[in-house]
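*Asks:* Since the structure of chain Y is already known, use the hints to place chain D on it.
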Amino acid sequence: MNNSRTSDLKTHVLIVDDDYDIRSLLSEFLENNGLVTFQAADGEAMFDALKSKHIDIIVLDLNLPGEDGLSLCRRLRTTSNKPVIMLTAKTNPIDRIVGLETGADDYVCKPFEPLELLSRIRSVLRRSQTSSDAGNEHNPALKIHFSNWTLDITARHLINEDGIVVSLSGAEFRLLRIFLDHPNRILSRDQLMDLIHGRDTTPFDRSIDLQVSRLRQRIEGQSKSPSIIKTVRNEGYILSTSVKVEH
Amino acid sequence: MKNGFFSSMTSRIFLILVGGTIISGALVTVLALYERKDLTTQIRTRHAAERVAQTILTLEAVPAASRPAIAAISEKSGTLIDFSNTTTVIGTQPASDFSSSLAHYLDSNRAIDTAERWGTDCPARQSEQKNTGEIKHCQSVFTKLKDGTHLRLDVAYRDGAIPPLRKEFLYNILAFLAVISVLALVVAYIATKPLRKLAQAAQDFGNNIDHPPLPVKEGTREVREASVAFNSMQASIRNHIQERTYMLAAIAHDLQTPLTRLRLRLEKVTDTDLRKSLIGDLTTTQTMIREGLDFAQSMNTDEPFDLIDLDSLIEAICNDATDAGCEVSREGTVGRPVLANAHALRRCITNLIDNAIKYGKYAHISVKYENAKAIISVIDGGKGIPEDQLEAVFQPFKRIEHSRSRESGGTGLGLTIARIIAGRHRGSIKLKNMNAAEIGLVATLEIPAP
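Chains as they are written, first to last, in this note's numbering: chain Y, 5 to 251; chain D, 668 to 1117.
In isolation and in its complexed conformation, chain Y is listed as follows (with noise of 0.2 Å):
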């Protein structure tokens, strides 16, 4: 609210939380890195900036006096579908189950590094507005089938046709999310990266021809002709295989 300037052109954020510092802080960081920002210190004022400003993404903190971030994120989910992102303090995974089922688009803990909220932010609105036909995105997956597979999104590891747990690296588990949001739809080198960017900050600078072959592997075995993720030659991979999705 002390940003009055209106630009069509600039990300507009509205940053809720109850800590005067780092509302004032992140607002600043995030003007001086070309976004206009809007503050709410509760849920009311959420709701009234929301009413009366144009906003394209919330950043909500998770522990507010009164109602808290989950509740207030379940509120407005529904009547809005606009971007939220969570900052909370708890990392462990009971924590981002309960945020996927409120619907938050993604997560950032405290205390974050400032770059990353700033890139989470704008991958968080590049999903929202290439998928916005996908209907389905604040009714996030908990669960994705595919060939004898299942993928634990929460968990973030396998579970093959036994019941036996199968583990990914970070890596991997990025990039068959990746694949799985997108089956039967040829993926370039150039997509797969900038789809694996921003979405985490984790180095990711082994090729993406090494991660893919890792990943063949675990889900494919030895085979030497891979069936789920395929090679299209001079264009890149394509998961070909149908996927379930459970929410």
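Simulated from the structure, these hints should not be mistaken for lab results.
A quick note: this is a predicted structure, and the numbers were derived from the prediction, not measured.
Note that CB positions come from ideal geometry on N, CA and C, so glycine has one too.
Computed spacing ranges between beta-carbons, pair by pair:
id: 1; chain 1: Y; residue 1: Pro69; chain 2: D; residue 2: Leu862; range: 52 to 60 Å
id: 2; chain 1: D; residue 1: Gly947; chain 2: Y; residue 2: Met197; range: 27 to 35 Å
id: 3; chain 1: D; residue 1: Ile918; chain 2: Y; residue 2: Arg126; range: 30 to 38 Å
id: 4; chain 1: Y; residue 1: Gln195; chain 2: D; residue 2: Val936; range: 33 to 41 Å
Distance condition first, Cα-Cα at most 20 Å in a straight line; then the derived DMTMM-like pairs of lysine to aspartate or glutamate:
id: 5; chain 1: D; residue 1: Lys935; chain 2: Y; residue 2: Asp23
id: 6; chain 1: D; residue 1: Lys935; chain 2: Y; residue 2: Glu35
id: 7; chain 1: D; residue 1: Lys943; chain 2: Y; residue 2: Glu120
id: 8; chain 1: D; residue 1: Lys943; chain 2: Y; residue 2: Glu117
id: 9; chain 1: D; residue 1: Lys935; chain 2: Y; residue 2: Glu117
*Replies:* Leaving out everything else, chain D in the frame of chain Y:
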């Protein structure tokens, strides 16, 4: 003595039972032998009295001329008869077993005197002694037949004796002892079984704080009471640990807000070098808090166990480490799933590998399956740690100064967390110095995988 045969409660109970049975058995046997001796004496006394009474009645029934012939026959069976002796009473004798028996066989109005004789004044003794051993009893009976003939009868009989030990008796004793020993062993085993169960439960509880409580509806009342007491102790220890864990989590949690502010404020620092070093300090602090949270999390035991493919887990961890630019190599497989919590086990193995990379430059992971256990060895290229510190490094916040500097960051909780997780999987972690060039420390994680 401390670890000897007597230190075991089972053997003590066994010895007390067998010893007690032998002593009481011996006492009962001795008493029975004396009782038997008395009884034999009594039977012999009555038998002698009966013999005397019969002789008197026979003498009375036959004519006087036949009496000497009868006397001769009775003499052969040890009863001396003297018709000439008219001495009557030698002294008043108290009623004895012999005299009352004699009175029982004869009619009551007959005048009869009996006298027990001691010493050598026993005519019957002489003849008896020829055949057998010692004669204890010698009775003289004075009476008058119905026709007025005075009569003196002398009869001698042996006292009851304790029979000598026979071979069969020895065999019986041995068989009896064998039966008693078996019984004592069974009793000792049954008696100490609840105690052993309790000890096992305490051991299990030590390894895993969430070990299921003891059944409180089984066994004797004392055992049930002990089980209830043990379970309540387990619950209160668990509560205590949970409280501590919650406190740790709460502190770590509350630190997030000021740290977030601090991190955002650092964006305003224009001196690039200063900002870099401040961010470095903050990162170290955050790492410590995260380890504290992980430590608290490792105490949290409601995470479910699944069958997990350990080989894929290790490969995933190695791939993550490689992606983060660490030098990691890997060999061997387990080849079978293990029952574990994937998240916790990942943290455990990651900590071992992180430690190896932090202090030993690289990590080489060797995996094998042996004796129903998955064995994961993480080998590093450092200088190892002093032998007397191999166990100490598992203590929370313990770090070895000099060789492992605080500069490297972390709280020293990594190995503690790893060991807690291993314990929750009924496994173990051991450290060993290799003392070889380019090979420093080996951390070996063993997890049962039946």
